[in-house]
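Q: Chains as they are written, first to last, in UniProt numbering: chain A, 1 to 256; chain B, 1 to 256.
Misleading hints may appear alongside valid ones.
Under 10 Å between C-beta atoms, here's a sample of chain A residues computed to sit facing chain B [unchecked claim]:
1. L42
2. R78
3. I196
Hints were generated in silico from the structure; no laboratory data involved.
C-beta atoms are modelled at their ideal positions from N, C-alpha and C, and glycine is treated no differently.
Chain by chain, the residues:
Number of protein chains: 2
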Amino acid sequence: MGPFRFLLLFFFLGVVAAESPQTILRTTTQAVAASAFAYDHLYCDSWRLSVETNNARFWRTVPFRCSEFVQEYMSGARYASDTDIVVDESLAFARSVQIANDGNDAWIFDVDETLLSNVPYYAINGFGTKVFNETSFNEWVDKARAPALAASLRLYEELLVSGFQIILLTGRNEAQRKVTVENLLHAGYHSWRSLIFREDSDMGKPAVVFKSGRRAELEGQGFRILASSGDQWSDLLGFPMAQRSFKHPNPMYYIG
Amino acid sequence: MGPFRFLLLFFFLGVVAAESPQTILRTTTQAVAASAFAYDHLYCDSWRLSVETNNARFWRTVPFRCSEFVQEYMSGARYASDTDIVVDESLAFARSVQIANDGNDAWIFDVDETLLSNVPYYAINGFGTKVFNETSFNEWVDKARAPALAASLRLYEELLVSGFQIILLTGRNEAQRKVTVENLLHAGYHSWRSLIFREDSDMGKPAVVFKSGRRAELEGQGFRILASSGDQWSDLLGFPMAQRSFKHPNPMYYIG
Chain A
1 MGPFRFLLLF
11 FFLGVVAAES
21 PQTILRTTTQ
31 AVAASAFAYD
41 HLYCDSWRLS
51 VETNNARFWR
61 TVPFRCSEFV
71 QEYMSGARYA
81 SDTDIVVDES
91 LAFARSVQIA
101 NDGNDAWIFD
111 VDETLLSNVP
121 YYAINGFGTK
131 VFNETSFNEW
141 VDKARAPALA
151 ASLRLYEELL
161 VSGFQIILLT
171 GRNEAQRKVT
181 VENLLHAGYH
191 SWRSLIFRED
201 SDMGKPAVVF
211 KSGRRAELEG
221 QGFRILASSG
231 DQWSDLLGFP
241 MAQRSFKHPN
251 PMYYIG
Chain B
1 MGPFRFLLLF
11 FFLGVVAAES
21 PQTILRTTTQ
31 AVAASAFAYD
41 HLYCDSWRLS
51 VETNNARFWR
61 TVPFRCSEFV
71 QEYMSGARYA
81 SDTDIVVDES
91 LAFARSVQIA
101 NDGNDAWIFD
111 VDETLLSNVP
121 YYAINGFGTK
131 VFNETSFNEW
141 VDKARAPALA
151 ASLRLYEELL
161 VSGFQIILLT
171 GRNEAQRKVT
181 VENLLHAGYH
191 SWRSLIFRED
201 SDMGKPAVVF
211 KSGRRAELEG
221 QGFRILASSG
231 DQWSDLLGFP
241 MAQRSFKHPN
251 PMYYIG
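With the hints as extra help, turn the sequences into a complete structure.
A: So this is what it looks like as structure tokens:
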């Protein structure tokens with residue numbers, strides 16, 4: 001349904017309800033509000049697409065006019081649906097692959113907004129409309145209570161059973177290893193082959209350099225990187241790339 | 001606006017209109033129809049995202065349940081809005097670039113669904129729900145009457161004025177050069193530096209191999225490929241990549 005059809009419906013409601021000049025005034029105001037809403041919705045949906053396709057880069061915060069849109073997207077059925085479809089596509093690929101028995105068929109996962117959801121944190125911190133606050137975010141990470149993204153847990157479990165080696169490659173720091181392991185286990189993840197953090201020597205590297213560098217090392221160790229899953233294009237791009245890359249949705253923040 | 005809010009509105013309309021058991025029955029049917037519509041809309045919006053992010057690959061036709069969705073998307077305000085935002089992001093990048101005066105700063109464009117719109121053809125051929133028919137599509141191409149995508153023409157004109165060398169790289173065949181030039185000129189495009197088609201020796205190559213191979217040749221000729229614009233990921237991926245890639249929307253067909 002296009003927003004304009006919604007607008008027509010809204011007008012129809014207004015006309016049906018119109019019984020006095022006052023009512024007409026009120027419904028006109030409602031229609032104007034609906035029109036602005038529809039216009040912003042159209043813009044924000046296009047903005048979100050530009051984020052998800054990597055056309056928009058280096059953005060610091062969600063545009064102010066899209067704050068309600070992103071909140072509704074993240075809290076409603078759309079984020080869950082979008083994540084479900086990513087996982088369905090991932091599983092379709094996984095099932096098409098012949099796994100060797102040498103323990104070298106790897107699937108790489110990012111952690112934040114890919115396996116774990118920080119929505120409980122962002123829900124009380126503006127859903128991406130505020131500039132990233134490292135101090136308060138690290139306090140949230142230290143609690144180790146980020147829930148699993150349900151669809152990702154479904155994917156993870158099937159990959160494990162299928163014999164994929166699961167490698168977690170996160171932009172979190174080595175100093176956060178203990179709480180991260182605790183959080184992953186608490187959320188239901190287990191049996192990963194390795195969990196790779198940023199070391200001191202990686203500080204200051206763009207994420208895409210850090211992550212593609214680690215993929216090169218993994219290939220050097222004999223792994224065949226069949227797939228990567230991440231909510232940022234910097235999880236996926238750079239040389240070497242996985243055979244297939246799966247972009248999970250995230251309109252709340254950008255990491256270059 | 002989430003589809004469920006639309007559903008609530010629909011119920012409200014039903015309740016207001018309910019005056020007899022027959023009316024109630026009819027409005028219940030409407031509500032069920034609205035529910036199926038909302039469910040399909042949610043699914044199809046997620047499917048479209050998976051297409052635009054390159055998570056879904058090698059699909060042959062638009063899913064049957066999404067035929068109305070794609071028709072509405074392509075015909076309504078959303079396709080135009082999405083294309084507008086891609087162009088806004090492209091121009092923001094173009095304006096940030098310092099152009100050298102050596103005539104080597106290149107911007108590569110794909111043609112179909114990037115500069116020219118084949119919507120008039122697809123509108124009478126199922127909007128991607130039918131398997132691609134090369135014969136009828138080539139008849140359409142021979143007419144040389146595909147209109148410009150308005151936003152792309154706006155981008156193209158500003159790039160020319162800014163001193164970019166514009167290179168058109170299309171999957172069309174060399175045999176279609178004459179009608180393609182005629183169509184591009186008719187649609188308002190002009191002054192490209194070169195227009196590259198598939199030669200006989202490129203037949204059978206996947207698009208991504210053909211196009212990245214041509215980019216390598218262009219770099220060999222001294223071009224700096226600052227950006228690529230295309231509606232297919234096979235226009236953009238592969239080595240070498242442009243400094244920035246801009247994915248234009250296209251939920252109607254897939255080229256690998």
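Q: Each hint: holds or not?
A: Hints, verified against the model:
At a threshold of 10 Å, the smallest CB-CB gap from L42 (chain A) to chain B is about 5 Å, leaving the interface hint in force. Taken as an interface hint, R78 (chain A) checks out: its beta carbon lies about 7 Å from the nearest beta carbon of chain B, inside 10 Å. The closest approach between the C-beta of I196 (chain A) and any C-beta of chain B is roughly 23 Å, which is over the 10 Å cut-off, so the hint fails.
Taken one by one, the earlier hints fail for this structure only at number 3.
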